[in-house]
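J.: Modelling step: build the complete structure from the supplied sequences, incorporating the hints.
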Amino acid sequence: MPSTLRISSLALIAALLLPAAAEAQGSARTYLEERHEEVNEILRQDAETDAARERRTTRLTRLLNQLLDYRGVSEAALGDHWEAHTEEERTQFVDLLRRLVERNYETNLARILEFEVTYDDERRRGDSTTVTTQARSRSQRRQPPVEIEYTMRNTGGQWRVFDVTTDGVSMVRNYREQFSRIIDRDGWSELISRMQRRLEEDQG
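Residue numbers for the sequence shown follow the working numbering, so the first one is 1 and each next one is one higher.
Rather than coming from a laboratory, the hints here were simulated on the basis of the structure.
There may be inaccurate statements among the hints.
[Unchecked claim] What follows is a list of derived Cβ distance ranges for each label pair:
id, residue 1, residue 2, range
1, Thr-86, Thr-49, 37 to 45 Å
2, Arg-141, His-85, 33 to 41 Å
3, Thr-58, Glu-190, 28 to 36 Å
4, Asp-95, Thr-57, 16 to 24 Å
Built from N, CA and C at the ideal position, the CB exists for glycine as well.
T.: What follows is the structure in structure tokens.
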């Protein structure tokens, strides 16, 4: 399985910091700041039982799914290969990618509150807006902060994220390189099989 499908811990933390979905009002930066505390508040709630943990995970996963544009990420990550496949094949791929991101998300929930986030600037380019943030460990203050950039679009009155760049490393670019390598060498079916096997391994 390509390493990018596992997503680095820092990239996952970036995803965990994504705010709840709501109407896109004001700037993208303001939107992220206001929703960030809402996510942290959910994480601070007691989750001593399996049922409570499951409810918390369900709420946070729902928020992530509402904000992250999985179809947009999938199309950008597949590049030219996107047009070469049927709508049914695209739908299957988007679903597998979403489930892999969710699974990695769940395994990293405990780390989110370890980081303090500050917001630097917001840049508009064409139809997208990039918000730059700094995530610093609360327990290891000597470590340099991690720069996380959210590339967003206002779609239908709601902000959606279609790329997360962690210390200069783009999630979408990494996906594209790995997916293209597998497809060109082994074919589309092999890529799908690898994604399915990874999900089965995580469940086992």
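J.: Range hint 33 to 41 Å: satisfied by the CB atoms of Arg-141 and His-85?
T.: 47 Å, violated
J.: Within 28 to 36 Å or not, the Cβ separation of Thr-58 and Glu-190?
T.: 32 Å, holds
J.: Does the Cβ pair Asp-95, Thr-57 satisfy 16 to 24 Å?
T.: At 19 Å between Cβs, range holds.
J.: Taking the beta carbons of Thr-86 and Thr-49, is their distance inside 37 to 45 Å?
T.: For Thr-86 and Thr-49 the Cβ distance comes to about 44 Å; the hint holds.
Consistency with the previously given hints fails for number 2 only.
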